[in-house]
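When you get a sec, could you build the whole thing from the sequences and use the hints?
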Amino acid sequence: MAPREREETEERERCITGIDGLDNILNGGIPRGNTVLITGSIGTGKTSLCLEFLVHGAIVGENSLYVSVTESYEKLLSNIIPYDFFDRKLIKDGRLVFIDLPVVYEKLGLEKLEFEFEEVNILVGAIGNIVDELNIKRLVIDSITSVCYRLKTQENIRDFILKLGSMLSSRGCTTLLVSEISPTEERYSEYGVEEAIADGVIVTGNLERRGDLLRTLQAVKMRGTMHSRAKYVLDLTTVGVLLVPLLKGGSIATAGG
Amino acid sequence: MAVTTEVSEKLSSLPEAAAVTLRMRAEHYFDVIRALLDVFSIKKSLDAIYVTSTIPSASIINALEVLEIRLDHIWFVDCISQIMMSPGHKHEHAVYVESPTMLENLMLKVEYLIRKTKDRKNLVILDSINSLAIHNNTKILSEFLHILVNNLRAKEAYTIIFSMEQYESEDIRNMLNLVSDETLQVEAEG
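Chain order of the listed sequences is P and D.
Using the working numbering, the first residue of the first sequence is number 1, and each one after it goes up by one.
Using the working numbering, the first residue of the second sequence is number 1, and each one after it goes up by one.
If you are wondering where the hints come from, they were derived from the structure by calculation, not from laboratory data.
All figures in this text were calculated on a predicted structure; none of them were measured in a lab.
There's no promise every hint is true.
Mimicking DSSO-like on lysine-lysine, the simulated pairs with C-alpha atoms at most 27 Å apart in a straight line are [what the hints assert, rightly or not]: (1) D:Lys44 with P:Lys89; (2) P:Lys248 with D:Lys139; (3) D:Lys43 with P:Lys231; (4) D:Lys155 with P:Lys248; (5) D:Lys139 with P:Lys89; (6) P:Lys231 with D:Lys116; (7) D:Lys90 with P:Lys231.
Pair ranges (Cβ atoms, derived) [unchecked claim]: (8) P:Lys112 with D:His93: 48 to 58 Å; (9) P:Asp20 with D:Asp119: 12 to 22 Å; (10) D:Lys139 with P:Lys112: 49 to 59 Å; (11) P:Pro82 with D:Gln166: 21 to 31 Å; (12) P:Ala126 with D:Lys139: 52 to 62 Å; (13) P:Pro183 with D:Glu9: 46 to 56 Å; (14) D:His146 with P:Gly94: 43 to 53 Å; (15) P:Ile80 with D:Arg70: 27 to 37 Å; (16) P:Pro82 with D:Thr117: 50 to 60 Å; (17) D:Ala2 with P:Gly211: 18 to 28 Å; (18) P:Leu113 with D:Asn150: 48 to 58 Å.
In this text, a Cβ means the ideal position worked out from N, Cα and C, and glycines have one as well.
Pasting the structure below:
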């Protein structure tokens, strides 16, 4: 087989996010089954990006699940950007599903504040069951930082993300894990483990340039595809997340992300 | 009226999705606006996206009302009202950028309006390169123009860049030559 042909046959199937700018950055979308960390400080657009990913999935017929860890999904929906392409029928038809993780904890009897190895297995198993039952192809956990808060040790966090990623990947489910970091953080996650295990890392941030604060996005890692590693400026609009390249002509001082 | 006819005729003779610099003197400003918004864009069934960093969109809208030009297919990206801290009410045909130094956000708002008006092709007017040059250095402004014009070309949109003759520097002329397919000098005939 000629090298070019081999290259083409080895190309991994993509999960087209539906966010044009991001799909271009990732050379066609996220390789299907990848677990991607969406990491950044508050107000940088992580949740909006993830919700749009799910809505587009639901529109093209891929069942999509949002697992909310800290705030109830009803509150989340009331604050969601009124996307032009969003139709509540997607929720009614079961294409777009929202679950509050604390409710799952309660059902599983996971009431301890600290999870051990056994609880990690129960939690991964429960998420797997939901994914199977609802035939989920796109999943967002918002935020993984809040889940990891209960896991305490780096070993447990590593174990949880590895098991979760491998379980979801085997089901062809593409997953975004939202990671919260403080604006001054030098690493990509609170515990320093998540980014090493995830297949991809997309960083959102705020960049201060001569007194202007710009929202930015940068794909720093994505297994299974060539991708841009440049920084882009993003805008959250009713037509979805829009991205343009960050201009480099001026003097730049970073402030978080 | 001569300027309006002259400009609209010159533009009509250009290929689709052309990037054009309109060099003018201040006294021709409103004639040029009329040529673009009341003649050319209507003739070509275009949605006009008017990027203003010179005067607030509210002032242009007032002028258009006086000239009896309908706003149905005219949209504004206003980069100057917020920096002036003007409390004026937000117009439904205008989106606002905090400052003319936020050139990426300016591009994002143009992109947003292109998507919102996807049924028709677009005419994007940049008013003006001189006022943007007050707030931005040449390097970043050149980069911005290069990306914006090429994006608009790919989207089959016309780009019209206003340049006021009396404020045009050598740097601005070079920048405009690099990105424009054509430079039209606006002068009243006779």
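Practice task
Enumerate the violated hints, using their earlier numbering and listing them in ascending order.
Solution key: Numbers 1, 3, 5, 7, 11, 16 and 17, in rising order.
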